[in-house]
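Q: Here is what each chain is made of, one letter per residue.
Number of protein chains: 2
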Amino acid sequence: MSNSSKDLDHLIELMAKLPGLGPRSARRAVLHMVKKRALLMTPLADVLAEVAVTVRECLNCGNIGTADTCDICQNPKRENGEICVVEEVSDLWAMERSHMFKGRYHVLGGTLSALDAIGPDELRIPRLLRRVRDENVTEVILALNATIDGQTTAHYIADQLGDVRVSTLAQGVPIGGELDYLDDGTITAALRARKTL
Amino acid sequence: MSNSSKDLDHLIELMAKLPGLGPRSARRAVLHMVKKRALLMTPLADVLAEVAVTVRECLNCGNIGTADTCDICQNPKRENGEICVVEEVSDLWAMERSHMFKGRYHVLGGTLSALDAIGPDELRIPRLLRRVRDENVTEVILALNATIDGQTTAHYIADQLGDVRVSTLAQGVPIGGELDYLDDGTITAALRARKTL
Numbered sequence: 001m002s003n004s005s006k007d008l009d010h011l012i013e014l015m016a017k018l019p020g021l022g023p024r025s026a027r028r029a030v031l032h033m034v035k036k037r038a039l040l041m042t043p044l045a046d047v048l049a050e051v052a053v054t055v056r057e058c059l060n061c062g063n064i065g066t067a068d069t070c071d072i073c074q075n076p077k078r079e080n081g082e083i084c085v086v087e088e089v090s091d092l093w094a095m096e097r098s099h100m101f102k103g104r105y106h107v108l109g110g111t112l113s114a115l116d117a118i119g120p121d122e123l124r125i126p127r128l129l130r131r132v133r134d135e136n137v138t139e140v141i142l143a144l145n146a147t148i149d150g151q152t153t154a155h156y157i158a159d160q161l162g163d164v165r166v167s168t169l170a171q172g173v174p175i176g177g178e179l180d181y182l183d184d185g186t187i188t189a190a191l192r193a194r195k196t197l
Numbered sequence: 001m002s003n004s005s006k007d008l009d010h011l012i013e014l015m016a017k018l019p020g021l022g023p024r025s026a027r028r029a030v031l032h033m034v035k036k037r038a039l040l041m042t043p044l045a046d047v048l049a050e051v052a053v054t055v056r057e058c059l060n061c062g063n064i065g066t067a068d069t070c071d072i073c074q075n076p077k078r079e080n081g082e083i084c085v086v087e088e089v090s091d092l093w094a095m096e097r098s099h100m101f102k103g104r105y106h107v108l109g110g111t112l113s114a115l116d117a118i119g120p121d122e123l124r125i126p127r128l129l130r131r132v133r134d135e136n137v138t139e140v141i142l143a144l145n146a147t148i149d150g151q152t153t154a155h156y157i158a159d160q161l162g163d164v165r166v167s168t169l170a171q172g173v174p175i176g177g178e179l180d181y182l183d184d185g186t187i188t189a190a191l192r193a194r195k196t197l
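If you're matching them up, the sequences are chains G and P in order. So the first sequence is residues 1 to 197, counted in the UniProt record's numbering. So the second sequence is residues 1 to 197, counted in the UniProt record's numbering.
Misleading hints may appear alongside valid ones.
The list cannot tell twin chains apart, which means a pair is met if one copy fits it or any two copies do.
[Claimed, not checked] Within a straight-line C-alpha distance of at most 20 Å, the following computed EDC-like cross-link-like pairs (lysine to aspartate or glutamate) qualify:
#1 Lys-102 / Glu-79
#2 Lys-36 / Asp-46
#3 Lys-195 / Asp-184
#4 Lys-102 / Glu-135
#5 Lys-36 / Glu-57
#6 Lys-35 / Glu-13
#7 Lys-6 / Asp-91
#8 Lys-77 / Glu-139
#9 Lys-195 / Glu-178
#10 Lys-36 / Asp-68
#11 Lys-36 / Glu-88
Please keep in mind that the hints were generated in silico from the structure rather than gathered at the bench. Given the structure is predicted, the values throughout are model-derived calculations rather than measurements.
With the hints as constraints, model all of the structure from the sequences given.
A: This is the structure:
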């Protein structure tokens, strides 16, 4: 590819496999790293090697971290009886960025899907039911994506949970959203859930 | 950022410094690597650590590689008397991808710029003049960008070179280019350099 060296070519090849990067941006990224070797390339190599060895899924909630139990599950301040159920770790991170939720999480690892033969046992649903039984859970917040599969999964879980309080995220117009760019379903949902001022 | 672990946060932070990646795509890239640990994350960590230690500029031409002299300068088959002068290593790689040029390169490391106080000594221009004198150079191809700074630099170098044959890349309509989307300068250049069929 570049005739520069086998290692460089291999590095570019691997970088190009990252989502959002193609061959062209991988080459740019590698040249940028070479220019900023001390500030970027060496620290990145170090932390990547460290994470590649230490990263693991939390045995309790499915979040990723560098210990058997993630920082959130280890933090006693996060034990407030609320469990927020999300599909993926990226959703957990999105929730955390809002700094609004103070409880713990449960990462399903996907959604139920008849088409892909993903049933409850392929996800972390049995583990969630056990947590709701064993931990003092007062409310389960289903923060699944507003897709068909996400909502199917939410209904399935709500059915299984029994007595505990179950809630979902509100649906409506996103902050800063312009009506003209919203789909009909969102506008319908926002109108149905309208609030008296 | 993610409350997942300090190492993971640090990794995301560093990845977000790569050109073309922001915080959001850095998080996606890291989650992707975690999912493909054996196939992507570990090999990437290995080759990145290797390259961070071994990468260096070729003492002859300024290309990057993992030895004091790059693969192209080491290859006797590439010694055909032609030197292609480019601004950056990325330009060298672009030339190599065309598989058209069989000679050697010289990477200037930028262009002359009065505004940024970049004179000939800040670039690899003295080194180029020495190479033209010492190696059996028959032609210098100035493959600099078609920008003001690039063309100023090309003229300066052509003036310095004296006897040797100096050429530049042809200007015209790119392959697959549509006239409607081309700027006036390109169309003017293409018209001036028109060829009789």
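Q: Against each hint, give a clear statement of whether it holds in the structure.
A: To see whether the hints hold, each was checked on the structure:
1. Lys-102 / Glu-79: The answer is within: 8 Å in one copy meets 20 Å, while 67 Å across copies does not.
2. Lys-36 / Asp-46: The answer is both: 15 Å in one copy and 18 Å across copies each meet 20 Å.
3. Lys-195 / Asp-184: Answer is within; shortest intra-copy Cα gap is 19 Å, inter-copy 57 Å.
4. Lys-102 / Glu-135: Within one copy only: 16 Å inside a chain, 70 Å across chains, cut-off 20 Å.
5. Lys-36 / Glu-57: Answer is between: at 13 Å across copies they meet the 20 Å cutoff, but 32 Å inside does not.
6. Lys-35 / Glu-13: This pair counts as both: shortest intra-copy Cα distance 19 Å, inter-copy 18 Å.
7. Lys-6 / Asp-91: between (38 Å within a copy, 19 Å between copies)
8. Lys-77 / Glu-139: within (16 Å within a copy, 72 Å between copies)
9. Lys-195 / Glu-178: within (18 Å within a copy, 54 Å between copies)
10. Lys-36 / Asp-68: between (34 Å within a copy, 19 Å between copies)
11. Lys-36 / Glu-88: Intra 33 Å, inter 15 Å, cutoff 20 Å: inter-copy only.
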